[in-house]
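If you want the building blocks of each chain, they are given just below.
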Amino acid sequence: MSELAEALANLEEDKVKELIKKELEGSNGALSILDELRKGMDIVGTRYKKGEYFLSELIVSGEIFKESMQTIEPALKQSAPPGKMPKVVIGTVKGDIHNIGKDIVATLLKGAGFEVYDLGIDVPPQAFVDKLVETKAGVLGMSGLLTPSFDSMKATVEAVKEAGLRDKVKIIIGGGVVTKLVQTHTGADAFTDDALEGVEAIKRFTKG
Amino acid sequence: MIKETMTAEQRVLAAINLEPYDRVPVAPHPSVEFPLAHKGKSLAVTESPQRWDEFLHDWLDLYDEVGGWDGVTIGGRATWAGFTTTAGGAGSMRYPGQDQRVDTAGSVQFEEREMLSAEDYDDIIKLGWARFVETKFSHIRRGGFITSVSNKATTARLLTDQYLRSRDAWQKRGVGVIAGVMSLDPQMALSLMRTFPQFTLDLYRRPDKVQAALDAMVDDFIKDGIEGMRLTGISSTGIPGVNVACERGSGEYYNLKIFERFVWPYIKKMVETWAAAGIVTTLHFDTNWTLNLPYLKELPRKMCICQLDSKTDIFKAKEILKDHMCIMGDVPPALSSHGTPEQMEAYCRKLIDVVGRDTGFILSNGCAVPPDTKYENFKMMIDTARNYPPSRSS
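Read top to bottom, the protein sequences are chains F and W.
Going by this note's numbering, the first sequence runs without a break in its numbering and finishes at 208.
Going by this note's numbering, the second sequence runs without a break in its numbering and finishes at 602.
Hints were generated in silico from the structure; no laboratory data involved.
What you are looking at is a predicted structure, and each value in this text was computed from that prediction instead of being measured.
Heads up, the beta-carbon is just placed ideally off N, CA and C, and yes, glycines get one too.
Take these hints with a grain of salt, some might be off.
Claimed, not checked - No farther apart than 25 Å at their CA atoms in a straight line, the calculated lysine-lysine pairs in the PhoX-like style are these:
| id | chain 1 | residue 1 | chain 2 | residue 2 |
| --- | --- | --- | --- | --- |
| 1 | W | K524 | F | K180 |
| 2 | F | K17 | W | K417 |
| 3 | W | K431 | W | K476 |
| 4 | W | K582 | F | K180 |
Stated by the list, open to error - If you anchor each label on the Cβ, the simulated ranges turn out as follows:
| id | chain 1 | residue 1 | chain 2 | residue 2 | range |
| --- | --- | --- | --- | --- | --- |
| 5 | F | E162 | W | R438 | 57 to 67 Å |
| 6 | W | G441 | F | E67 | 48 to 58 Å |
| 7 | F | L24 | W | A484 | 50 to 60 Å |
| 8 | F | N10 | W | K587 | 47 to 57 Å |
| 9 | W | S358 | F | E3 | 55 to 65 Å |
| 10 | F | L24 | W | E322 | 56 to 66 Å |
| 11 | W | D423 | F | A75 | 38 to 48 Å |
| 12 | F | M85 | W | K587 | 42 to 52 Å |
| 13 | F | L24 | W | V562 | 50 to 60 Å |
Hey, can you work out the whole structure from these sequences and the hints?
Okay, here's the thing in structure tokens:
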């Protein structure tokens, strides 16, 4: 494991900044730094799965990752474009304005190499459909914390069907009170009440 | 139907005091929305003072319609004590009818919004929480209306009067009112006002400052709980109670090192001080507290209720806490809104069989009754408590 990946995995914010600065000044390019940061995020995920890390460590590592991305972004733009990344459209459904869970998943997905289109909160079904059409994303992630949001999720799944996209798009729903019962009600392909588990499910979707 | 040998209040008290009951008591945690939605009414501005009594009457109508229940977790709708102490948490509440993004058929929602900056910790440390809030904010949102800080005494009186009307209405029906005051734990208050991500980053970036701020806050929360009890009086259960909303300090969010430093000492101090004053604390534990359950054994015996929302393993809670404190919960929200009566009955029977064994259990819904709860599911929860006998060890 590289020093940078390890520093990120250990949530050493200042060390990560320092190492990135050094690597950008040295021979390592932005793509190599990005690769190390993603390895660091992978380790965070492994520790979370083992019960060594909690939601707070996902938040802190996500923040360090986001800040690091801002630092290397100018250099990244000058580098060769990265390989084709799987695309995910994500948002909190119509009538629900909670964003914590959705934001964590969006950050973790970016850390895992996905191209994420985050539509924010209170997103109507048609806005999800429009973004799926525009981006040709293969995955839709919908979040909601309250029981009335389940009907918004169902309406969105219906809208995706009506747009003729259902067989091209895998759908996952997430939120603190989402259960198998809700998955059945909405017609989604998967459900989760755990951010990292959601990312793992999306990885499985995109691996085919 | 089980042959009843206790009144509703006696049954609730027996559960809290870990004494045998004739059957498991049932006490829904009220949501303002469900009784109104059940009557097909708009849920717009449900928290406005004009709708307080309407909510109370609809809630009482529902009580009559299902044939009654044993307890209510909170006597009234707007009983937050410590008007300024808890007001911060209410600042980011978004109400149907007041915020166009919130459906008028839906619930009150919380919006993550930074109401405090990292620099504010210094002032909290210097002033304590209540004085800080009054200095920082000229207006406070409480319920569905906004009031100026200078007018807080009048508004607090309005809230207390409403609470007392609610409490009296329940007591007239013989229903055990479990808590007269609502509060927060200090960590939760800071997390709500800093936002969860920012507060979490603060724990890593400026831990000593956060701890000093929490140290400066906790006594105001304790004082407000006691003052609230003075205003709202002892309910007919004979037990003064405070319901503390805890959510963001659980093992779902934080490791035990963080919990032991920034969460637990403050909850413990609140409960212990209140217990010494004879106050029973209901710990309203939303999210998953399974990892934290063993700590609850450090709290004074029979002086707490562990109220769970379906994310914590309630069966594990029974194993750990059965000789120590009453457990309340935990019908999952999705089961209330999207399940069938048969599924509801099966789940409630399982709760009664395992968690209700011998004593120490109050059947309730997880968190609050969702607005889109099916009436037949709600009734089934009540009926199952009434009809299905608890198991006994001997």
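Quick rundown of the hints versus the structure:
Our distance criterion of 25 Å between C-alpha atoms is met by W/K524 and F/K180, whose separation comes to about 22 Å. Distance hint between F/K17 and W/K417 is fulfilled; the C-alpha atoms sit about 23 Å from each other, no more than 25 Å. Of the supplied pair hints, the one linking W/K431 and W/K476 holds, its CA atoms being roughly 15 Å apart against a limit of 25 Å. Between W/K582 and F/K180 the CA atoms are separated by roughly 18 Å; this keeps the pair inside 25 Å, and the hint holds.
Take F/E162 and W/R438: their Cβ atoms lie about 59 Å apart, and the range 57 to 67 Å holds. Hint check: W/G441 to F/E67, Cβ distance near 52 Å, so the stated range 48 to 58 Å holds. At roughly 59 Å, the beta-carbon separation of F/L24 and W/A484 lies within the given 50 to 60 Å, and the hint holds. A C-beta distance of roughly 53 Å is found between F/N10 and W/K587, which places it inside the suggested range of 47 to 57 Å.
Distance hint for W/S358 and F/E3: a CB-CB separation of about 57 Å, consistent with the stated range 55 to 65 Å. At about 31 Å, the beta-carbon gap between F/L24 and W/E322 misses the expected band of 56 to 66 Å. Distance hint check: the CB atoms of W/D423 and F/A75 are about 44 Å apart, consistent with the given range 38 to 48 Å. Taken as a hint, the range 42 to 52 Å holds for the pair F/M85 and W/K587, whose Cβ atoms sit roughly 51 Å apart.
Checked against the given bound of 50 to 60 Å, the beta carbons of F/L24 and W/V562, roughly 58 Å apart, stay inside it.
Hint 10 from the list above is the single one not met by this structure.
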